[in-house]
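Protein sequence lines correspond, in order, to chains W and S. Take the first sequence: its letter number 123 is residue 122 in numbering that gives the first Met the number 0, and every next letter is one higher. Take the second sequence: its letter number 38 is residue 37 in numbering that gives the first Met the number 0, and every next letter is one higher.
Treat each hint with caution, since some may be false.
As the list claims (entries may be wrong) - Taking lysine-lysine pairs in the PhoX-like style, the calculated list, with each CA pair at most 25 Å apart, reads: (1) S:Lys80 - S:Lys60; (2) W:Lys116 - W:Lys64; (3) W:Lys116 - S:Lys54; (4) S:Lys54 - S:Lys80; (5) S:Lys54 - W:Lys124.
Derived by calculation from the structure, the hints in this document are not laboratory data.
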Amino acid sequence: MAQRRVAITGLGLVSPYGGDLPDFFERLTAGESAIRHLQTADQPRPLSIPFVSCPDFNPDQALGKPLASMMDRFAQLATAAAFAAWSDAGLERSGPARENWGCIWGTALGGTLAYEKGYRELWQKGRERLSPLAVVLGMNNAANAHISIQLGLGGISMSHTVACASSAIAIGEAFLRVRSGAAPVVLTGGSDVPQAYGVARAWEALRVMASADEHSAPAACRPFAADRRGLVLGEGGAALVLEDWEHARARGARIQGEIVGYGYSCDHSHLVRPEAAGQVRALGLALADAGLQPDDIDYVNAHGTATAEGDPVEVSALKTVFGPRAPELPVSATKSMHGHQLGAAGAMEAIITVLALRHQVAPPTAHLDNPDPACLGVRHLHAALRGQPLEAALSNSFAFGGSNAVLAFRAPDS
Amino acid sequence: MPPMNSIDLIREFLAERLDVPAEQVTESALLTDLGVDSLMLLELIFEFEDRFDIKLSPDIKPPQSVGEMVTLMDGLIARHKS
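Given the sequences, and given the hints that come with them, work out the whole structure.
Right, here's the structure in full:
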């Protein structure tokens, strides 16, 4: 059976800038950081970290109180992003039978805020019982379950938990299902809320997080820079509607881009130390899957978290795959502005990559005044790239645990 | 413990969780019509147990209406006090 083309017909996210999707992309292309200093008051010991929040997100307003009260914040962000993508795709929330339409979601953490609340009740307050909703608030598949219920999706409903590659893998797996004809439409994406006290402290203990005060927070995440000091966590939710090309055309949907390839691999060597060889395999598989050559790629949205070890390894992998063309390969790490949303990062960056192809402008890596010599060898975008045709692009997501995922996209009319 | 009767507690819960206006919470109203599904009923019972420091038997017959819920709660509170 011939493989189907897979259109991207809807994009949606909860923006850390507070505005809509065009505003989100405009701010990124302008190099504006959403990173702020997070100082908490209600913890056993106050957290003081650079962080990316969605401060304007009001779950009761976005979802209605009855629905919002059944969800942990990670599922609230997920459902709000899904509703936005659904609406962007021109689809009604209730419609004709959608028995083989699906939802494939990504989350690294699941309902950590619900779990943490439960632990506080049990350990701090000495209580014996928890809310009956604790299980359904905390479970990792709560997000896709709520989305499937709300949108009437009767096919596959599942979540992938693969650390920082969770939603890239969710998108890849959704892509495979639409391409094979198993589902005409799959809503996919990811969400996470790493601000739970225990989660934030655990990340601090790994010594991979940047530190900053109020003044320095916006520039705290500096991928590929000589003075980079680590990643900046953020909360978020981002969703894409993947749709069988002919199905999309038949209903007159606006095709915003095409997903054409998915490559995945495991370093199979270390839990947290990345290996270029594994990343090279994932990049090569994504290109082969898409039927693209390295010369066809006009932009790479890097994983680029600003850790000491990760950034040079990613550049090394890109240099291996792109060979002599690597010095001209436009690359940017947008986490320098929107931070690292863990299980939502792959979906946010997939959206950014699709928008880059659609609008023919690629966002920069912010704060890259002084690149690390170990990260040289690709064309780092110090400012937005404009005036150059962008027809095909890759988005990299490399996870703790050694799982790598690379997604390949094409511009809507290329 | 706040001095609150059973129907007031149900009204407070439904307003806080489900945005249900107090005037809709009458004794004849069915809980499902107010948006209380089986999960939310468990949560309501949990809240009630918590507030009055009592514990319901796990095999109670689930109340269908606000009135049935009130009767159940009032009975338990009375027994708890005696």
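Outcome of the hint check:
no.	hint	verdict
1	S:Lys80 - S:Lys60	holds, 22 Å
2	W:Lys116 - W:Lys64	holds, 19 Å
3	W:Lys116 - S:Lys54	holds, 22 Å
4	S:Lys54 - S:Lys80	holds, 13 Å
5	S:Lys54 - W:Lys124	holds, 19 Å
In the structure shown, no violation is registered for any of the earlier numbered hints.
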